[in-house]
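My request is simple: use the sequences and hints to build the entire structure.
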Amino acid sequence: MITTGLVAQETPHPNRLPWLSIFPEPLPEGLSQVSLEGSNQFLRTNRQVSPDGLAHAELEGEDWQVTSDTAWALGPGHLNLRTRLTYRSAGFMDRAIMNWHDMLGVGQGGRDQVQTFLDAYHLDRNGAVVFDLRSPRLELQGLDLAYVLPWGDRHDGGRLGGSIQLPTGHEEVLQSSGGTNFMAGLGAWTTTGPLRFWAQGEDIWISLPQASPLRQVVSRGQFWRAWVGAHYQGPGGGFLQGFSLDLSYSYNETPYWTKLVRIDKYGAQQTWVFSHERLPKWRFGLTEKAGTFSAPEITFFTTYRYGE
Numbered sequence: 001m002i003t004t005g006l007v008a009q010e011t012p013h014p015n016r017l018p019w020l021s022i023f024p025e026p027l028p029e030g031l032s033q034v035s036l037e038g039s040n041q042f043l044r045t046n047r048q049v050s051p052d053g054l055a056h057a058e059l060e061g062e063d064w065q066v067t068s069d070t071a072w073a074l075g076p077g078h079l080n081l082r083t084r085l086t087y088r089s090a091g092f093m094d095r096a097i098m099n100w101h102d103m104l105g106v107g108q109g110g111r112d113q114v115q116t117f118l119d120a121y122h123l124d125r126n127g128a129v130v131f132d133l134r135s136p137r138l139e140l141q142g143l144d145l146a147y148v149l150p151w152g153d154r155h156d157g158g159r160l161g162g163s164i165q166l167p168t169g170h171e172e173v174l175q176s177s178g179g180t181n182f183m184a185g186l187g188a189w190t191t192t193g194p195l196r197f198w199a200q201g202e203d204i205w206i207s208l209p210q211a212s213p214l215r216q217v218v219s220r221g222q223f224w225r226a227w228v229g230a231h232y233q234g235p236g237g238g239f240l241q242g243f244s245l246d247l248s249y250s251y252n253e254t255p256y257w258t259k260l261v262r263i264d265k266y267g268a269q270q271t272w273v274f275s276h277e278r279l280p281k282w283r284f285g286l287t288e289k290a291g292t293f294s295a296p297e298i299t300f301f302t303t304y305r306y307g308e
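Using my numbering, the first residue of the sequence shown is number 1, and each one after it goes up by one.
These aren't lab readings, by the way, just hints derived from the structure by calculation.
For clarity, every value in this text was computed on a predicted model and none was experimentally measured.
Backbone N, C-alpha and C fix where the C-beta goes; we use that ideal spot for every residue, glycine too.
Pairwise CB distance ranges, derived in the manner of DEER restraints: (1) Leu279 - Pro209: 40 to 48 Å; (2) Thr168 - Phe284: 22 to 30 Å; (3) Leu81 - Phe274: 21 to 29 Å; (4) Phe243 - His155: 17 to 25 Å; (5) Ser135 - Thr190: 45 to 53 Å; (6) Leu245 - Leu74: 29 to 37 Å; (7) Thr168 - Arg215: 14 to 22 Å; (8) Phe284 - Asp102: 19 to 27 Å.
Shown next, in the form of structure tokens:
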């Protein structure tokens with residue numbers, strides 16, 4: 001039986017690190033929805049210069065993004081257009097996050113060594129500037145047009161599909177990669193009692209213009225990423241019983257080769273998504289680097305699923 005997107009495992013949340021955000025978005029479930037996302041970014045001072053002294057990066061800022069998925073039924077599957085409108089600036093969350101770390105009694109991970117409320121998105125290598133954004137900017141990110149084929153139902157099933165990402169602006173200001181990129185993905189899920197276990201894996205192929213500054217730091221045209229997760233569905237019937245939680249871990253390869261650890265090898269990401277039966281169309285959550293409260297990127301989001 002072919003499902004509609006609204007009963008499938010939901011679209012996983014991607015890493016919002018700026019130099020990863022210029023590449024294709026995850027394979028969607030094929031459901032119309034809109035999200036508001038707020039990401040706080042920083043890079044500790046002892047990670048800003050490569051050991052060979054050839055690469056230098058700065059990252060301190062805040063991203064606010066409206067992510068919209070518009071889906072249409074087409075043949076046996078769904079066509080999905082994802083648009084992202086992003087406002088990058090110095091923001092206001094730095095001090096709040098530092099106070100939260102102090103309250104928990106955990107380290108700042110170098111956050112206290114970086115100037116707060118600074119607007120700096122920068123990467124250069126061998127004297128060539130790759131990214132440089134130092135003032136507030138509103139951007140339309142690369143457009144992702146995907147086609148997805150689902151099967152099964154909300155308890156046991158999967159989806160297969162791919163997407164093309166079209167450039168919308170210049171890579172120097174982290175608007176898009178400047179080239180046309182492609183993604184192919186496969187996801188599956190199965191349910192046991194109140195738990196649904198799921199996984200999704202994707203391959204990404206990127207193409208860069210001949211004169212692109214990204215060629216200074218991108219060493220290959222293909223990389224992969226994957227998610228594994230578990231969804232707990234509350235029994236319902238009461239306030240506490242109405243809560244549900246989706247917890248997932250992901251790993252995102254990067255195509256970069258700068259000898260800067262936070263760019264070349266990002267590592268695992270954890271995502272927490274909460275929902276409640278009294279607000280069935282809404283999702284609330286956060287995603288950050290797994291295993292630490294002092295991540296270089298943390299994103300809070302809320303989603304309204306109007307296609308359900």
